[in-house]
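Colleague: Listed below are the residues making up each chain.
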Amino acid sequence: MHPLLHQELLTKIAQGSESALAELYAEFSTRVFNTAIGYLQNTGEAEEVTQDVFVKIFQSAARFEGKSSVSTWIYRIAVNQSLDRLNHRKRQKRFGLMVSFFKGDSLEQKIEVPHFDHPGVVLERKENARLLFQTIETLPEQQKTAFILSFVEDLPRQEVAEVMQISLKAVESLLQRAKANLRIRLDDFHPDRRI
Amino acid sequence: MENEKWKDEVLNSLEGIQRAQPDPNLYAQIRAKVVAGSMQVVRRPYLALAAACLTLLVIANVQAMRQSPVHTTQSSIYVVDNANFSLYR
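First to last, the protein sequences are chains A and E.
According to our numbering, the first sequence is numbered sequentially starting from 1.
According to our numbering, the second sequence is numbered sequentially starting from 1001.
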């Protein structure tokens, strides 16, 4: 679909058109869901975020100023909603740890390491991809966003820069640092080091 | 050396990744939320109007109470004779 048609759809959504929202959903739902899955590594939560993103689009379509493409705008909402959900999850985890501390439970039992199998990964790479997702989880927010948009969502670097509202150079630098950090963290998972 | 090669393989494991698909019924849930949200927006003006009316009513009452003088027993034209339960002018 042509970017101008995206804008037309958004204008209709701003006027309350549900059929325009359905068309926009058909065009972008997979991208939004896939982005959310990169962050949350959980299909149920990624679907909830996808819902929130489209409800937000419906509510704020009138405020779209056209300074970026519709696609960039939607990705930005998806990234923000996913990060919000991650922060909410962290807060819940902290609260859970506190409760278990006061109850006298073992803290180790409460810290879950996600084992996520992305449904779109080629079968022979599944185990490596699982390790990669585990280590992506440990990256700082900005590096995580650059890595997910570039390698999970496979966006061109320029679009990643537009979504993140930073320069192309900054994206490349974030990706370099992300890869260096992932290499360091992967040391703990090397087959020879695992018990 | 072997370790570095293995890390490269892990880092490249997302090559050729296909996009994951959400549940086919997800849009129905989104539509329900959107409709529920629109109904709330429609109800809000009535709520605001009701709140405004209530506020006006309270203000009018307060004003009325301030303006009307309070009658004390001294200024009353009736005096009660407690012993006989009769009224004298």
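Think of the hints as simulated: they come from the structure by calculation, not from any bench.
Any given hint could turn out to be false.
[Claimed, not checked] List of simulated lysine-lysine pairs, DSS-like, C-alpha gap at most 25 Å:
no.	chain 1	residue 1	chain 2	residue 2
1	A	179	E	1005
2	A	67	A	179
3	A	12	E	1033
4	E	1033	A	56
5	A	56	A	103
6	A	67	A	56
7	A	93	A	103
8	E	1033	A	126
9	A	179	A	169
10	A	103	A	90
11	A	179	A	90
12	A	179	A	126
Colleague: Is residue 179 of chain A close enough to residue 169 of chain A, meaning Cα to Cα at most 25 Å?
Modeller: holds, 15 Å
Colleague: Between residue 1033 of chain E and residue 56 of chain A, does the CA-CA distance stay at or below 25 Å?
Modeller: holds, 10 Å
Colleague: Is residue 1033 of chain E within 25 Å of residue 126 of chain A, Cα to Cα?
Modeller: It is violated: about 35 Å lies between the C-alpha atoms, which goes past 25 Å.
Colleague: Given the hinted pair residue 67 of chain A and residue 179 of chain A, is their Cα-Cα distance within 25 Å?
Modeller: violated, 31 Å
Colleague: Assess, step by step, whether the Cα of residue 56 of chain A is no farther than 25 Å from the Cα of residue 103 of chain A, and give holds or violated.
Modeller: With Cα atoms ~39 Å apart, residue 56 of chain A and residue 103 of chain A exceed 25 Å; violated.
Colleague: Does residue 1033 of chain E sit within 25 Å of residue 12 of chain A, going by the straight-line distance between their CA atoms?
Modeller: Judged against 25 Å, a Cα distance of about 18 Å means the pair holds.
Colleague: Does residue 103 of chain A sit within 25 Å of residue 93 of chain A, going by the straight-line distance between their CA atoms?
Modeller: Roughly 15 Å between the alpha carbons, so the hint for residue 93 of chain A and residue 103 of chain A holds.
Colleague: Check the hint pairing residue 103 of chain A with residue 90 of chain A against an upper bound of 25 Å on the C-alpha distance.
Modeller: Given that 25 Å is the threshold and the Cα spacing comes to 20 Å, the pair holds.
Colleague: Between residue 67 of chain A and residue 56 of chain A, does the CA-CA distance stay at or below 25 Å?
Modeller: With a Cα-Cα distance of about 18 Å, the restraint between residue 67 of chain A and residue 56 of chain A holds, given a limit of 25 Å.
Colleague: Mind checking the alpha carbons of residue 179 of chain A and residue 1005 of chain E for me, to see if they're no more than 25 Å apart?
Modeller: Given that 25 Å is the threshold and the Cα spacing comes to 14 Å, the pair holds.
Colleague: Take the C-alpha atoms of residue 179 of chain A and residue 90 of chain A, compute the straight-line distance between them, and say whether it is at most 25 Å.
Modeller: Holds, at about 24 Å.
Colleague: Taking only the CA atoms, is the gap from residue 179 of chain A to residue 126 of chain A under or equal to 25 Å?
Modeller: Holds. Residue 179 of chain A to residue 126 of chain A sits at ~19 Å (cutoff 25 Å).
Checked against the numbered hints listed earlier, the structure breaks hints 2, 5, 8; every other hint is satisfied.
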